[in-house]
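Colleague: Generate coordinates for the entire structure from the input sequences, incorporating the hints supplied.
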Amino acid sequence: MSLEATGRCTCIANVVIFVAGAAPNLHVVIVGRIVMGVGGAVQLDTCRVFAISDETPCLFGLLSAIWAVGLVIGGPIWSDLASNRHTTARWAFYINLPWVSVSLAVAILCLPRKYLGPDRPLVSRLMAIDPVGVAFNMAAPVLFALALEFSGPVWNWGSGASIPAWVAFGVQRAVPLHLFGRFNLLPLWIASGCAGASYAITLYYTPLFLAFASGHSAMEQTVRLLPFVTVFVAVIILVGGLLPVFGRYNLVYIVAGIATVAGAGAMAGTLSPGVSESQVLDLAAFIGVGLSCSFQHGVDVSNVINKNPRDRVDSAVMFNMAQMGGIAIALAVAGSIF
Numbered sequence: 001m002s003l004e005a006t007g008r009c010t011c012i013a014n015v016v017i018f019v020a021g022a023a024p025n026l027h028v029v030i031v032g033r034i035v036m037g038v039g040g041a042v043q044l045d046t047c048r049v050f051a052i053s054d055e056t057p058c059l060f061g062l063l064s065a066i067w068a069v070g071l072v073i074g075g076p077i078w079s080d081l082a083s084n085r086h087t088t089a090r091w092a093f094y095i096n097l098p099w100v101s102v103s104l105a106v107a108i109l110c111l112p113r114k115y116l117g118p119d120r121p122l123v124s125r126l127m128a129i130d131p132v133g134v135a136f137n138m139a140a141p142v143l144f145a146l147a148l149e150f151s152g153p154v155w156n157w158g159s160g161a162s163i164p165a166w167v168a169f170g171v172q173r174a175v176p177l178h179l180f181g182r183f184n185l186l187p188l189w190i191a192s193g194c195a196g197a198s199y200a201i202t203l204y205y206t207p208l209f210l211a212f213a214s215g216h217s218a219m220e221q222t223v224r225l226l227p228f229v230t231v232f233v234a235v236i237i238l239v240g241g242l243l244p245v246f247g248r249y250n251l252v253y254i255v256a257g258i259a260t261v262a263g264a265g266a267m268a269g270t271l272s273p274g275v276s277e278s279q280v281l282d283l284a285a286f287i288g289v290g291l292s293c294s295f296q297h298g299v300d301v302s303n304v305i306n307k308n309p310r311d312r313v314d315s316a317v318m319f320n321m322a323q324m325g326g327i328a329i330a331l332a333v334a335g336s337i338f
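Taking this note's numbering, the leading residue of the sequence shown gets 1, the next gets one more, and so forth.
Be careful, since some hints might not be right.
Pair by pair, the computed Cβ-Cβ distance ranges are [what the hints assert, rightly or not]: (1) Ile-34 <-> Ile-337: 24 to 34 Å; (2) Ser-336 <-> Leu-271: 13 to 23 Å; (3) Glu-277 <-> Leu-122: 51 to 61 Å; (4) Val-223 <-> Gly-269: 18 to 28 Å.
Honestly, the hints are just simulated from the structure, not real lab data.
This structure is a prediction, so every number in the text was calculated from the model and none was measured.
Yeah, the Cβ is synthetic: ideal placement off N, Cα and C, and Gly gets one too.
Modeller: What follows is the structure, given as C-alpha cells:
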C-alpha cells in the first residue's frame, strides 16, 4: 500500500471520528464506527505487510497488548464521560483524535514514498481484493450473531425473520475450505479461535460478575481487571521476544492449553456469589498466562512454516477469521445464555 493510500485512510478515520462524535442519532454513530473500523483495519494490515519476519513476534505481541489495554479501559472511560454532563459520551470519540493524528504523523515519516507492488492498474488491483468475498466475510459474523441472539428473545425460532437469518449465515460462510488440507496449520487456527473465545468471555463477563456480586462501578471493575490485563500484556510481549530465540512453539502451546484449561475450570467450578474477589482475580490472571501464550503467536509460527508469500497471506486471513470468529461466536453464545 502506498503512503498516499495509508494517509488517506488515516485522514478518513479522523473525519469519521468527528462524524461519530457529533452524530445526531444512533444510526449515524453506527455508520461512523463501521468506517472507523475499516480505517483501523487498513492501518493494522499495513503494519503487517511492511514488517519483516524477524519483527513479527514482537510486533504482534505489542499489538495484542495495546488492543487488550484498549478493550479494558474503553468501557469505563466511555461510562465516566457519559455520566459527566460537561463532556457527554461524544468525547469518547473525540479523545481518539490525538492517537489517530500520531498515526498519520508516523505514516508520513516511516512509510515508503513509492508503490512497491506489481505494475498493474489501480482498478485491477482493487478487483483482485475480491470485494464480494470481503462483503460476505463482514456479513457472516453479523448474521450469526443476529440469528443466535434474536432467535427466541426477539424473534420466534420458526418465524419469517429467524429462518432467513440462519439460512443467509450458512450460505454466506466466509471460511476458505481449500486451506483445511494444511494439517500442520489447522491446530494453530483452532488454538487461535479458542484463545479468542476464552479471552472474550474472561474480559467481558468477569466485570459483569463483579458488578452483580459486589455492586462495583465501572471504574472499580476496571481496576479489578488489571491482574488479568497486566499478566496478559507482560507474558504476550515476553513470549513474542523469546519465541524466535528458542523456537519451541509446541511447548508454548502446551503451556497455553494447560494454564487456560486449569484456570477456566477452576473459575467455573468455584464461581459463586460468595466467592472472594481475590480468588476470582487470581484465577483470571492465571487464565491470562495461558491466553497470552497462544493469542497471536500462531501468525508468527505460520510465517515460519509457510515459505510461499501467498500461503502466508492466506494463513493470516484464516488466523484473523478464527480469532475474530471465536470472539464473535463466544460473545453471541454467552449473550444468549446470559
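Colleague: Does each hint hold? Answer for all of them.
Modeller: Now the hints, each set against the structure:
1. Ile-34 <-> Ile-337: 24 to 34 Å: Taking Cβ atoms as reference, Ile-34 and Ile-337 lie about 27 Å apart, which means the hint holds.
2. Ser-336 <-> Leu-271: 13 to 23 Å: holds, 19 Å
3. Glu-277 <-> Leu-122: 51 to 61 Å: With Cβ atoms ~56 Å apart, the hint holds.
4. Val-223 <-> Gly-269: 18 to 28 Å: holds, 25 Å
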